[in-house]
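Trainee: With the hints as constraints, model all of the structure from the sequences given.
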Amino acid sequence: MAATTLDATPVTPVAGIAPRERRERRSRRLLGAGAWLCGIIFFLPFAWMVLTSFHSEQDAGTNPPKIDAPLTLHGYREFFGSGTGVSPWPPLINSLTASIVSTLLVLLLATPAAYALSIKPVRKWSDAMFFFLSTKMLPVVAGLLPVYLIAKNIGMLDNIWLLVILYTSMNLPIAVWMMRSFLSDVPGAIIEAASIDGAGLPTILARIVAPIVAPGIAATALISFIFSWNELLFARVLTGVTANTAPVFLTSFVTSQGLFLAKVCAAAVCISLPVLAAGFAAQDKLVQGLSLGAVK
Amino acid sequence: MSTPSIIGQRHAPPAVSGSAASRAPRRQRGAWARRAPLLPALVFMIVVTQLPFVGTLVISFMRWNALDPSDKGFTGFDNYKEEFTDPQLRSALTTTVVLTVTVVLVSLVLGLGLALLMDRKFPGRGAVRTLLITPFLVVPVASALLWKHALYNATYGFINGSLTWIWSVFGSDNAPQPDWLSTSPKLAVEASLIWQWTPFMMLILLAGLQSRPTDVVEAARVDGAGNWDIFRYLTFPHLRRYLELAALLGTVYVVQNFDAVFTLTSGGLGTANLPYAVYSTFYEAHDYGQASAEGVIVVILSIIVATFALRSVSSLLREETH
Numbered sequence: 026m027a028a029t030t031l032d033a034t035p036v037t038p039v040a041g042i043a044p045r046e047r048r049e050r051r052s053r054r055l056l057g058a059g060a061w062l063c064g065i066i067f068f069l070p071f072a073w074m075v076l077t078s079f080h081s082e083q084d085a086g087t088n089p090p091k092i093d094a095p096l097t098l099h100g101y102r103e104f105f106g107s108g109t110g111v112s113p114w115p116p117l118i119n120s121l122t123a124s125i126v127s128t129l130l131v132l133l134l135a136t137p138a139a140y141a142l143s144i145k146p147v148r149k150w151s152d153a154m155f156f157f158l159s160t161k162m163l164p165v166v167a168g169l170l171p172v173y174l175i176a177k178n179i180g181m182l183d184n185i186w187l188l189v190i191l192y193t194s195m196n197l198p199i200a201v202w203m204m205r206s207f208l209s210d211v212p213g214a215i216i217e218a219a220s221i222d223g224a225g226l227p228t229i230l231a232r233i234v235a236p237i238v239a240p241g242i243a244a245t246a247l248i249s250f251i252f253s254w255n256e257l258l259f260a261r262v263l264t265g266v267t268a269n270t271a272p273v274f275l276t277s278f279v280t281s282q283g284l285f286l287a288k289v290c291a292a293a294v295c296i297s298l299p300v301l302a303a304g305f306a307a308q309d310k311l312v313q314g315l316s317l318g319a320v321k
Numbered sequence: 026m027s028t029p030s031i032i033g034q035r036h037a038p039p040a041v042s043g044s045a046a047s048r049a050p051r052r053q054r055g056a057w058a059r060r061a062p063l064l065p066a067l068v069f070m071i072v073v074t075q076l077p078f079v080g081t082l083v084i085s086f087m088r089w090n091a092l093d094p095s096d097k098g099f100t101g102f103d104n105y106k107e108e109f110t111d112p113q114l115r116s117a118l119t120t121t122v123v124l125t126v127t128v129v130l131v132s133l134v135l136g137l138g139l140a141l142l143m144d145r146k147f148p149g150r151g152a153v154r155t156l157l158i159t160p161f162l163v164v165p166v167a168s169a170l171l172w173k174h175a176l177y178n179a180t181y182g183f184i185n186g187s188l189t190w191i192w193s194v195f196g197s198d199n200a201p202q203p204d205w206l207s208t209s210p211k212l213a214v215e216a217s218l219i220w221q222w223t224p225f226m227m228l229i230l231l232a233g234l235q236s237r238p239t240d241v242v243e244a245a246r247v248d249g250a251g252n253w254d255i256f257r258y259l260t261f262p263h264l265r266r267y268l269e270l271a272a273l274l275g276t277v278y279v280v281q282n283f284d285a286v287f288t289l290t291s292g293g294l295g296t297a298n299l300p301y302a303v304y305s306t307f308y309e310a311h312d313y314g315q316a317s318a319e320g321v322i323v324v325i326l327s328i329i330v331a332t333f334a335l336r337s338v339s340s341l342l343r344e345e346t347h
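From first to last, the protein sequence lines are chains A and B. Going by our numbering, the first residue of the first sequence is number 26, and it counts up by one from there. Going by our numbering, the first residue of the second sequence is number 26, and it counts up by one from there.
Source of the hints: derived by calculation from the structure; they are not laboratory data. Being a predicted model, the structure only gives us computed values, none of them experimental. Honestly, I wouldn't trust all of these hints.
[Said to hold, decoys possible] Listed next, the stretches of chain B that the computed footprint assigns to chain A, with coverage defined by at least 3 CB atoms under 8 Å from CB atoms of chain A:
#	stretch
1	294-304
2	307-313
[Said to hold, decoys possible] Some chain B residues flagged as far from chain A (calculated, every beta-carbon gap over 10 Å):
#	residue
3	Pro-112
4	Arg-145
5	Arg-150
6	Ser-197
7	Leu-228
8	Val-277
Yeah, the Cβ is synthetic: ideal placement off N, Cα and C, and Gly gets one too.
Mentor: The following block contains the structure:
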């Protein structure tokens, strides 16, 4: 790189350094302020949703917006069913069931598979890896109709367990990839040393492997939970009345009862809350999971 | 360091290696023991994802409308021909491409800018990062509803409300009040998706920036490289793979987008993409054959993208394996 293109100041002693440092500090402060501004701009729509959810319906639908309107829990009370006749609890419980059970299934299936793949014993192990990945890239709509027809024929429509199975298949490939990358992080030398010291496989798994991969398992569970919780298309097509999930409930919420902006915002905030909390808690793991463990 | 020997140690449980079994059977039994853990996941995936796709493929060659069950049979490529000649269906195809390319490119550029900003230390960096990733964590349906009703709505949406307010500050009471969703529906859908996906791009690129070896940058700076030189010759080449990865993963997710199109416009005004088209052909028009053909086309499109994505991921994987 050409050293000649540089500004001349750095080499000059003491006198030259001070202004440069000052300039750098100023630019750093400016960039920091820019970052804050961007953060606020991106956060603004969400902040508006939260604020609106605490307004009364009259104050929510005003033009120009009333930012300092009095706060009320009216929207939340409406959402949780007082007076509307439609309780949000069954869909919320359905979402919880589908997300939690499918996440457990994902862990149960993915852990052994990832273990097998992380030690790369299987000839063409990378083919198996890519098979899992390719199923993730297969759009869900590609299998929707046959799944619907089969479910209809065996009486599984509007059944939460059908969603559990589908969500498991949706998240399993990502989980295998993520867990493999975590398991590959376990240093072989430690295991070797432990087995020389006479530790058996169960001991090795429990005392050495488990503590190292525990955060990875937690992250995998988190990703799987979020994707299941967010899913709309399958739930919309394959459930009706009894097995509908929170996102489906949210969409019906608007069309069936006209628009109550504060109530809709309250519902959106409530339904987003579990994912927001989980996501804030594990930002780094989220990236790693979403990039299939390719980025660490 | 000889990796194979360590790997060997790892997958052979000590109990087995201590036994007096002869070499060949032990290896065979070991091979099975090593493959077996893979099987449940493999079988499950094949049954739940591959078999239905075969079903879709078969139905795509059939004339099958649920509203007219008597007229059911094989038609060859008719559904596909329909797909490419019917202007409405063809528009779903172009919409998918336009929507995906726009959203991925814009959010990638914004994400890069944000990642570069966030890579520097400044007070409250963690807080800003949390603010920035929020759009990505809001449940997609909720964020689509937020944009549709709380932001875009012509009479009480935040955007038009703010316009009224700004105009009133300058003493005018006829601020423009466009109906965003009907005047520029595609742009409206894209904007909400860009809002949602920029944080994803930023997170991946930030991970890339932070994995950059600092000593090299330090050395370049000592050698007198300016900020632009460092970006051009060090940061950018290092980031290239992360940019590729972000773009391809983003594409895979955005191509499949259903929630935003469904909620914001219900596929109206030329915003129906292929996933939405499949949904409405199947769920509303009950044309199973046609819907399946659309599904197969989405898969073909995705395979084209996925081939590149797989290549990019496999290069990262190879690096890890070497």
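Trainee: What are the numbers of the hints the structure violates, in ascending order?
Mentor: Going through the list in order, the structure violates hints 4, 5, 7, 8 and respects the others.
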